[in-house]
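S.K.: Letter by letter, the chains look like this.
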Amino acid sequence: MAQDISSIDVSWIEVGKVADIPPAGARVVKSSQGDIAVFRTADDAVFAVRDRCPHAGGPLSQGIVHDARVTCPLHNWVIDLASGAATGPDEGCAGTYPVRVEDGVILLGLKLPAAAA
Amino acid sequence: MNMMTRGKERLVLVGNGMAGIRTIEELLQRDPDRYEITVFGAEPHVNYNRIMLSPVLAGEKTFDQIILNDRSWYQDNNVTLLTSEKVETIDRQARTVTSAGGQTVGYDRLLLATGSDPFIIPVPGRGLPGVVTFRDMFDVEVMLRKAADGGRHAVVIGGGLLGLEAANGLAVNGMTVTVIHLMGTVMERQLDEAAGFLLQRELESRGIEVITKANTKAILGGDHVTGVLLEDGREILADLVVMAVGIRPNTALAKAAGLAVERGVVVDDHMVTSDPAILAVGECVQHRGATYGLVAPLWEMARSCADHLAGVAGAGYAGSVTSTKLKVTGIDLFSAGDFSGGKDHEDIVFRDAARGVYKRIVLKDDRIAGAVLYGDTRDGTWYFQMLREAADVSGFRDTLIFGQGFGHGLGGAVPANPKAAVAALSDTAEICGCNGVCKGAITKAIAEKGLTTLDDVRAHTKASASCGSCTGLVEQLLELSLGDGYQAAAAAKPMCKCTHHPHDDVRRLIVAGQLKSIPEVMQALEWRTPNGCHSCRPALNYYLLAAWPGEYQDDYQSRFVNERVHANIQKDGTYSVVPRMWGGLTSSKELRAIADVVDKFEIPTVKVTGGQRIDLFGVRKEDLPAVWKDLNAAGMVSGHAYAKGLRTVKTCVGSEWCRFGTQDSTGMGVKLERMTWGTWTPHKVKLAVSGCPRNCAEATIKDFGVVAVDSGWELYVAGNGGMKVRECDFLAKVETEEQVLEYCGAFLQLYREEARYLDRTAPWVERVGLDYVKKRIVEDDEGRRALNARFQFSQVFSQTDPWEERASGGVDAHEFAPLAKVG
Ligand code: SRM
Ligand SMILES: Cc1cc2nc3c(=O)[nH]c(=O)nc-3n(C[C@H](O)[C@H](O)[C@H](O)COP(=O)(O)OP(=O)(O)OC[C@H]3O[C@@H](n4cnc5c(N)ncnc54)[C@H](O)[C@@H]3O)c2cc1C
Ligand code: SF4
Ligand code: FES
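As they're listed, the protein sequences go chains A and U. Under full-length UniProt numbering, the first sequence has 109 at position 109, and the numbering climbs by one with no breaks. Under full-length UniProt numbering, the second sequence has 686 at position 686, and the numbering climbs by one with no breaks.
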């Protein structure tokens, strides 16, 4: 069920600085594969999750971030940022993207279509 | 030189610092006679304990006390030391090194231990006299001289370990110190937000000013530094600027010699570089992709390197897990491992407000992945050892947070299995920190005096009677003593799983304890999670805002998206925009501006709402500021259709046109809306004014409704037209418009001060009773005026149009623009 986008052959693409995202917040990266929500927790961990709630497609980037989780703004599902999976009784997974921070710069691992890469 | 010992292999060490000399010591232990050793040191000193520079700066130690190897050590071990001799080149063909002073020495083995260079941020003025780094004894001497020569103001750029130790040292030397830090909390790499907050508060109580989220733009001054200019325009006086923003491995020499260098000098597990004759240890190296900035890894590197140099078979270096302590007297702080959380990570949090303790352990698969300790670091080494050994802690998970000495008189908060842990506490364990009541005293009172309720215990022992943060523990004790006989006295429900405090207690304790920020509340009230959840954070944010108008800084990351973005999120992720239409009135100019905005931004749906105004649906988030700008230009402001705050004031047409109208209900509605817009309340608030008892504005199902009659105005409260329709209660009849406004302000303020977050006025009044509300608003004239005055005071700070701030002032610009576009 979990969509594994984080496999081989990714190109690492700079998308901005950690400081560009407020602590316990998120920003959106627009991509040809749809919106990607890049989260920064209060402890400055960075996660990238598909910006679509597994429940009804809510934009997870707009939710309240607490610990390494986000609460979807539409109907309060709580999504684990590391796995993209819904927590508690709810089931579903948004899918995650590989992400890396180097010297404060965020790199997303994306499998871009050959033409764009 | 040293021609006598030609038979030996020649080992040259570049860098007379901690890692290099430790390697030599290890080597001498293994084989004291194998090498003829020469050491080049750029500094004029023998090897000293660099980490103790902080106590030297703070006047707690002298330089002599931090020397690790004095001159006689070098002599006794036949090590030739060349101080103030910086090596400038390596000739790998000839196997020689040459120093700035012209000394050339040949080697068979070369060991690089050049440490790190402090990073200098590339801002104008960085080269001015008075700008220093914090790396070596020379830097400390400059700082001490500045302080002694009457330097008054110091600015430390960087709130990490080094920066804070420098700041403390300078403050101890009598300077006023400001720390400028880029991130939101200090030492963010080692500490989580909660511990960072405690640390910052402690530093501030020592007179050190800490400015977070601040970016340095320039260092000011002519022939000497005079100040620091921040990105946001602020200027801070400075006679001394210490740059402590980070370190970079010192790789210049290795790079010039053509060795493999990435972030550091690349070495294998035996500390050998890309040239088999050259080794490297310490902060200058990169091993398995990692570089280090602490001493613990150096000891391990030194052992592996010495094994290799001595030809002893060893396992090699496998990388290190590090832990951090801050060396500021009186501040206990420990951090290790990874505490950023993530999948399958579990947090155990312990807070003891009375002792100023915060502990957090992050578990993954029953093993410790990270630990942050503040205020009580006794168990740091124990946790760290288990972390490094990846020990399975599932057997004692429930008591883990209490530390190794658990059961010997620890009191405090509630662990994962609270009952078992409380049962295991000794009789001398302190339960109530405020009143110094221990467990034995409470259980004894319960048994001997036959106590059965929390209030009984409070009355007889004083436990839980002050700040109330031990209430949970006292209840556990009642439960343990009485078993099923204890009815949790219909104890109000906790706000959420992060705390045992119910809403009302939190509100009361915020005011009683003068708590002024979310981290402060969480620490003082012993929250069980590191930073709350989506349910308690917005509530705390509101309570603080209501308690400290004008003073509290809104925590916008604790707001639901609608209140952060100032528009209502829709099911497809677009937003709706509702401009305010005062009392339901509009004009051709406003309607034209709305029409233009709809065309310009291709807004798909325009609808008249049930609240007497116009809603524009399907606006793209990126377009919001531009849409607002156009609406602002026509004089319109946010209608707060998204807010836990005043929504609408519905009116009917009233005496102005209606043949039955008794008073100007439209005008009254506009006045009420002008007075109340922008306020933040526990839940949304709706008002209405009808011009006669026919009540066309449906004023009797509103939070505050007004119905005009011939002789004045009837006031109604606590109605609701939503899921559970509730007709208003009649509050009072008044004569003048001024009275309507005063009663309205007083009623809203009472609601703002006393209701629970997400209670609308209807359930709130049902709970406290209409009589109570009448007593406060109708019967107590002075009290009503005071409530209204507090309402008006808080309005001074909340009546700013949030749209205008964002459309023109660039507030929260990041909220509306994507971080990046890729592919
Ligand atoms: C737009 C509107 C319906 C319409 O097309 O007319 C509307 C739309 C929404 N209402 Fe409403 N309500 C609207 C008038 C009302 C009214 C009528 C009124 O105000 O006279 C009521 C009943 C009166 C009352 O509140 O007592 C009403 C009772 C609710 C409730 C139930 C509240 C309750 O206490 O039971 C909710 C749910 C909530 O707030 O938790 C709700 C929530 C909502 C939300 C905010 C749902 C949501 O959370 O996304 C809707 C989104 C609006 C948007 O995106 O702009 N809306 N809603 C009306 C906007 C009024 C305005 O100009 O601001
Ligand atoms: C103020 C302060 C406080 C610290 N506190 C702690 C702490 O609490 N805990 C902790 O674990 N760590 C702490 N550290 C870090 C710790 O001191 C370092 O990790 C450690 O000193 C690194 O050892 P090293 O041998 O790699 O580098 P260094 O000790 O810096 O030694 C490198 C030496 O090489 C010399 N050198 C460089 N280039 C040349 C050249 N070309 N020719 C000749 N000589 C050269 C330098 O002058 C220097 O003397 C602190 C550091 C500082 C500055
Ligand atoms: S009645 Fe329901 S569907 Fe209609 S606007 Fe209100 S919340 Fe949305
Ligand atoms: S769409 Fe996320 S909870 Fe419904």
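It is worth saying that the hints were derived from the structure and are not from the lab. Please note that a few of the clues may not be correct.
Claimed, not checked - Here are the computed lysine-lysine pairs in the DSBU-like style, where the Cα-Cα straight-line distance is at most 30 Å:
#1 A:17 with U:684
#2 A:30 with U:571
#3 A:17 with U:213
#4 U:255 with A:30
#5 A:30 with U:213
#6 A:111 with U:497
#7 A:30 with U:325
#8 U:821 with A:17
#9 U:821 with A:30
#10 U:600 with A:17
#11 U:775 with A:17
#12 A:111 with U:571
#13 U:821 with U:774
#14 U:629 with U:684
#15 A:17 with U:364
#16 A:111 with U:821
What the hints assert, rightly or not - In silico negatives: residues of chain A with every beta carbon more than 10 Å from chain U:
#17 16
#18 63
#19 67
#20 86
#21 89
#22 90
Model, not experiment: these values are computed from the prediction. C-beta: ideal position from N, C-alpha, C; glycine also.
S.K.: Does each hint hold? Answer for all of them.
M.R.: Hint check results:
1. A:17 with U:684: Between residue 17 of chain A and residue 684 of chain U the Cα gap is close to 37 Å, so the pair fails against 30 Å, i.e. violated.
2. A:30 with U:571: holds (19 Å)
3. A:17 with U:213: holds (14 Å)
4. U:255 with A:30: With Cα atoms ~39 Å apart, residue 255 of chain U and residue 30 of chain A exceed 30 Å; violated.
5. A:30 with U:213: This hinted pair holds, its Cα atoms lying about 26 Å apart.
6. A:111 with U:497: violated (40 Å)
7. A:30 with U:325: It is violated: about 41 Å lies between the C-alpha atoms, which goes past 30 Å.
8. U:821 with A:17: holds (14 Å)
9. U:821 with A:30: holds (5 Å)
10. U:600 with A:17: With Cα atoms ~33 Å apart, residue 600 of chain U and residue 17 of chain A exceed 30 Å; violated.
11. U:775 with A:17: Judged against 30 Å, a Cα distance of about 56 Å means the pair is violated.
12. A:111 with U:571: holds (29 Å)
13. U:821 with U:774: Between residue 821 of chain U and residue 774 of chain U the Cα gap is close to 58 Å, so the pair fails against 30 Å, i.e. violated.
14. U:629 with U:684: OK: residue 629 of chain U and residue 684 of chain U at ~25 Å, within 30 Å.
15. A:17 with U:364: holds (28 Å)
16. A:111 with U:821: It holds: about 14 Å lies between the C-alpha atoms, which stays within 30 Å.
17. 16: Residue 16 of chain A not clear of chain U: closest Cβ-Cβ about 5 Å, inside 10 Å.
18. 63: violated (7 Å)
19. 67: Given that some Cβ of chain U is not farther than 10 Å from that of residue 67 of chain A, nearest at about 5 Å, it is violated.
20. 86: Since the minimum Cβ distance to chain U is about 12 Å, residue 86 of chain A lies beyond 10 Å and the statement holds.
21. 89: holds (15 Å)
22. 90: holds (14 Å)
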